[in-house]
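K.L.:
Residue numbers (the numbering used here), protein chains in the order written: chain A, 15 to 342; chain B, 15 to 342; chain C, 120 to 471; chain D, 120 to 471.
Read the hints as simulated data drawn from the structure, not as lab findings.
Don't take every hint at face value.
The following label-pair restraints were derived from C-beta to C-beta distances [to be verified]: (1) D:K373 / C:K123: 47 to 57 Å; (2) A:N323 / D:R466: 58 to 68 Å; (3) C:K123 / D:K374: 56 to 66 Å.
For every residue, glycine included, the Cβ atom is placed at its ideal position computed from N, Cα and C.
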Amino acid sequence: MIITGLFHKMKKISKKDELDLYYSILRIRRIEEKIAKEYINWKIRCPVHLSIGQEAIGAPLKKLFKSYKDEVVSGHRAHSHYLGKGGDLKKFVCELYGKKNGSSGGKAGSMHLTDKKSGFILSSAIVGNSIPIGVGLAYSKRIKKEKGIVLIFFGDAAVETGVFFESLNFAILKKLQVIFICENNFYSVYSNMKYRQPQNRKISEMVKGIGIKTIKSNGNDPIKVFETYCKAKDYVKRFKKPIFLEFETFRHYEHCGFLKDDHLNYRKKSEIDYWLKNDCLRKLHTKVNKKKLIFFEKKINKEIETAFNIAKKSNFPRNSENKKKLYA
Amino acid sequence: MIITGLFHKMKKISKKDELDLYYSILRIRRIEEKIAKEYINWKIRCPVHLSIGQEAIGAPLKKLFKSYKDEVVSGHRAHSHYLGKGGDLKKFVCELYGKKNGSSGGKAGSMHLTDKKSGFILSSAIVGNSIPIGVGLAYSKRIKKEKGIVLIFFGDAAVETGVFFESLNFAILKKLQVIFICENNFYSVYSNMKYRQPQNRKISEMVKGIGIKTIKSNGNDPIKVFETYCKAKDYVKRFKKPIFLEFETFRHYEHCGFLKDDHLNYRKKSEIDYWLKNDCLRKLHTKVNKKKLIFFEKKINKEIETAFNIAKKSNFPRNSENKKKLYA
Amino acid sequence: MPKKRIITFAEAINEGLRFSLLKNKNLLCFGLGVGDPKEVFGTTKNLQKQFGNQRVFDIPTSENAMTGIAIGCAINRCPVIMTHQRLDFSLLAFDQIVNNAAKIFYMFNGQFTVPITLRLIVGKGWGQGPTHAQSLQSLFAHIPGLKVVMPSNPNDAKKMLIQSIEDPNPVIYIEHRWLHDQKGHIEKSFNSKKIGKANLLMKGNDITIVSNSFMTTEALIAAKILRSNGIYADLIDLCSIKPLDEKAILKSVKKTRRLIVLDDGHDFLSIASEIISIVTIKQFDTLKISPKKITMPNFPVPTGYSLTKNFYPGHKDVIKYCQNIFDKNIKYDNFSNKNFHDVPHIRFKGPF
Amino acid sequence: MPKKRIITFAEAINEGLRFSLLKNKNLLCFGLGVGDPKEVFGTTKNLQKQFGNQRVFDIPTSENAMTGIAIGCAINRCPVIMTHQRLDFSLLAFDQIVNNAAKIFYMFNGQFTVPITLRLIVGKGWGQGPTHAQSLQSLFAHIPGLKVVMPSNPNDAKKMLIQSIEDPNPVIYIEHRWLHDQKGHIEKSFNSKKIGKANLLMKGNDITIVSNSFMTTEALIAAKILRSNGIYADLIDLCSIKPLDEKAILKSVKKTRRLIVLDDGHDFLSIASEIISIVTIKQFDTLKISPKKITMPNFPVPTGYSLTKNFYPGHKDVIKYCQNIFDKNIKYDNFSNKNFHDVPHIRFKGPF
Ligand SMILES: Cc1ncc(C[n+]2csc(CCOP(=O)(O)OP(=O)(O)O)c2C)c(N)n1
Ligand SMILES: Cc1ncc(C[n+]2csc(CCOP(=O)(O)OP(=O)(O)O)c2C)c(N)n1
Ligand SMILES: [Mg+2]
Ligand SMILES: [Mg+2]
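Bound-form chain A, shown alone (with noise of 0.2 Å):
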């Protein structure tokens, strides 16, 4: 970590926390388990960028940004971020398959996400695009004295996105209440960062440089995220100011879809043995006991299969909505 005693003296994480925080990644990831192992059946119709692996950074959301007037935007990957919210996952399966319930009424998909009543604000398919409606909703909430931080989710390559750097700046500049959140997976699609930035780039470095607190921390390290998460939000509550936190992580299916692709050979055995062995649920059987474990996975497996029952059974909206809400 590149700031300490900075922060408050932080509380360790109780058992209490630790537990619903495993409870949490592991429902993300059987959920995202659930949508690739549905996929094959072409029912659902829709790009799907899934978040195995990176749960970490989603999962302690609720609990920590508990408040709606905690808001999060995000990017295309961005299941892990709205179900770590609390974002409804009824709503969001049937988004998934373009029905009437689903959360936009199946006109936005898994790329365009929104739960406003968690605090899951909206999340946008074009890479860095979301991230100055993020900026826009904590400058609004100064306008409006609300209460509240705004989290912005992206993940390296929007690093590389001109907007990306003129909202930082921005958010500098009026000391606006915003925790940016890098997930750093090394890829964009296929591409490994030394294609698209200088080497030896430290991403939270050289955000440092433009004038912000920074945070790099281990992404697939559930405690470890969580205490991050904690310093930031003291931080940014204190200091009235932003912070921007660097998670590494890995992606362990391919970019965009419901298999795994690294028969392609993009990423290096060794990377992917490391970052597989360090997974955020491979203490998931020392933290949680044997019993704890069989009564999540029995009450999560019940929550996704009837929420995707749901969503099977679900109607299409007509399709004469699809020319309606044009105008408000």
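Based on these hints, arrange chains B, C and D with the ligands on the given structure of chain A.
P.N.:
Just chains B, C and D with the ligands now, kept in the frame of chain A:
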């Protein structure tokens, strides 16, 4: 200066070079003043962004980057770069007057200059948008194994544009032979940096964090500017990498136009006084003896009068030219 | 009761902004120059002073992000009015405008509204040249989810600005630099009708003239000349080009059976083309002769003085066409511009 | 002599790229995915291997700068072919495309040429949704200085790609994702004519059908159905929409006196509108009945399966119109799509 030791020992600037340098600065100053003086006749009917106060930065270009293979691109305030690089004066003045024998036959005006023969490739009226063009020129040089360095000029506001970061990222990634030059005059139109960029922003330090060597220098000290370019050129050629220069400087006239605008009080009196006292021509009398100076002024005056007379007498392009050369 | 006031177009915008900022405490107003000494040609005069620099402020040269930030504010019910001193700069924000602003309401099935108004100022003359004088309304009007308005006089400028700001959808408010100094009567109060109704400025049975923004100035000159020559035109000022008041156009053409459309966008895919295609498709039989477009050439706007001469279309083109179709010699000498062609009036000086 | 070969549209693009990269040692080819394992749906297959990663390479997600970089290369005589896997991403580069690429040749009075080709891939189906399925050819075609081509078959794809690359002007090369797998004959060699000529794909005296890109697939189906029902159409495949082959259209309409235009751009300000206005203005008298547009609705493309059903226009709309105007019952059951409506063929699977 941020970097030292990285460069070859520099020879001190020779007396001859110093004289040439002052000549070049004085020449640009007088040309700009002439434009200001003539503008009131309302015959120069296009926006002009005068370089008065900032000439030291454009002045040494021809001496140090003599070859037309050393290429320059710039922005809206490009007169000093164009003239300093050796851009044709007559064509320039004719272009301001919208005449047929202007550098672009009157189609482009002050904001879009070009003189390929001198290596001044082009300037653009949209803040930031010639930066990637310069980077592209450098990339094409690599492909064609052409000699030369590309110099990209822009102001402190361009540092707020996304395209600046995107371009910088690519230039660093591909190790292109580019000198990025930020003329920091602290203002974008009437807006001080503090309204646009984070408090205490040091542009060169921020840029350094992105992964490029930077040098910050006094843009009003002709010798320092000269030496900085020498170092930069040496660095780029030796390490085959881009470099970033920040020159602090000050504009004397209004942002766009031919008048002074200090009555508008957007700049502090102390600030103005400081910079005027540190004008790049302040040492002119100590560096150039009286006789020489009179000779300089005469020579420059003659050149200017000739150019303006030609421009005034030259024909306008036929207005049917406006529908020519849309496609090659 | 005070009489109708006469103010300039720029003052009308200023009044519209002040009115809206007073009315909605969450409304924001930002853009390059908004708080500077020139205050966007006077249109944002004293607003920062009155409403503070949290609501009215100058921005970094970051058109794309600032548009996204406006959208972020807007979906949280802080409407935004953002200014570009030249329309040309808005091209940097096309991703935000097209992929976000225009689509968020539809895409999320009505869960967010995006009340932003983008003021785009169209430059003309005094060497504005290829990148400072574009009139690209067609680009915006093609995009579902955007509204596009183009007022032609002070009263409409104020009324439509207020309407745009109060509209829950993203509105592109295109304002022509040459209108800023034009003076006109202004109503005392506005019943803030919805965007989308055209104004019938003159009435006649002989021909329908459709126009917008600064072209309406030209159309008015033309229509008056025509009238003094015994040719009576319906002059429809569109006000809004998206939504388009098709009804008003169709109704008029049904009556006059002749149609001219003026638009200062490039000819190919201009609003004029669209209107002509609409009329042709919807009521082919009402047209007596082939309709006419008067538009900008399919060329960038050159910079030089001589080159801009006869480059812009105007009232003369209307007259010429009418001369032809009515087979009549029309006198119009006294209306032609005796000053420099590259300024709106004699007091106008460069450089901007 | 080998017979005419049959290859896919994607393979044709790959051949065109390879041919061009071989011919001009300074030609560059870059874009997201260009060098990755999927190689832009196979269109850049093996190019990086063959030509090295200095000439063929993947880029950072910096669409705006990379377009400017392409322009910088191009003005120094390194032509560039840049790819966007979705047209939608090119909106980020609108400043560079409109303010630089389109204007540099004109603005600097012919001193620089800008030989860049932007390949924009239009998505459709499988939930591509509002931001991954836009067909915005109108935006580009409105801009003077750009050329815009939209091939409809493998042979044209290859020929026009080579033409585009060799053209000294910026060319927007729009390629429809659903054409990638279509197969077709391919000529052995091309006399590289200039961009701008339309193809007359079928001949007939009854009606003129104009279309482009994937809509030509639909138009062909329709024209064949019509023929089997005794209605004979001239089918004009535009190939290039800017410049537009007005002559071919006007000539055909003179003969058939009826006109349908297909375009998958949003209806308002579509290419179809422009063509109809051109025909109306230039030869009003040749039209027997009001012409017809078949275009995308003025709505974003929704994501969900049911919502895209009947959203896209197609051959049925042509038939319906003809049924009406020729007052004839037309059978076309066997041509309708029995598979899922959101994929081009049964082997096509998501997610991209
Ligand atoms: C502006 C833009 N360019 C390209 C794409 C295509 N695209 C979709 S996801 C993606 C990779 C993004 O990588 P990263 O930000 O690292 O996120 P990750 O997929 O690794 O989670 C790209 C290039 C896009 N959606 N938007
Ligand atoms: C994209 C864009 N936005 C706004 C403008 C209007 N504009 C012209 S010059 C300028 C200020 C630029 O300031 P800086 O880069 O510091 O250069 P300086 O004028 O100080 O030399 C602005 C905002 C523009 N030309 N382009
Ligand atoms: Mg990534
Ligand atoms: Mg400045």
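K.L.:
Looking back at the numbered hints, which does the structure fail to meet, lowest number first?
P.N.:
2
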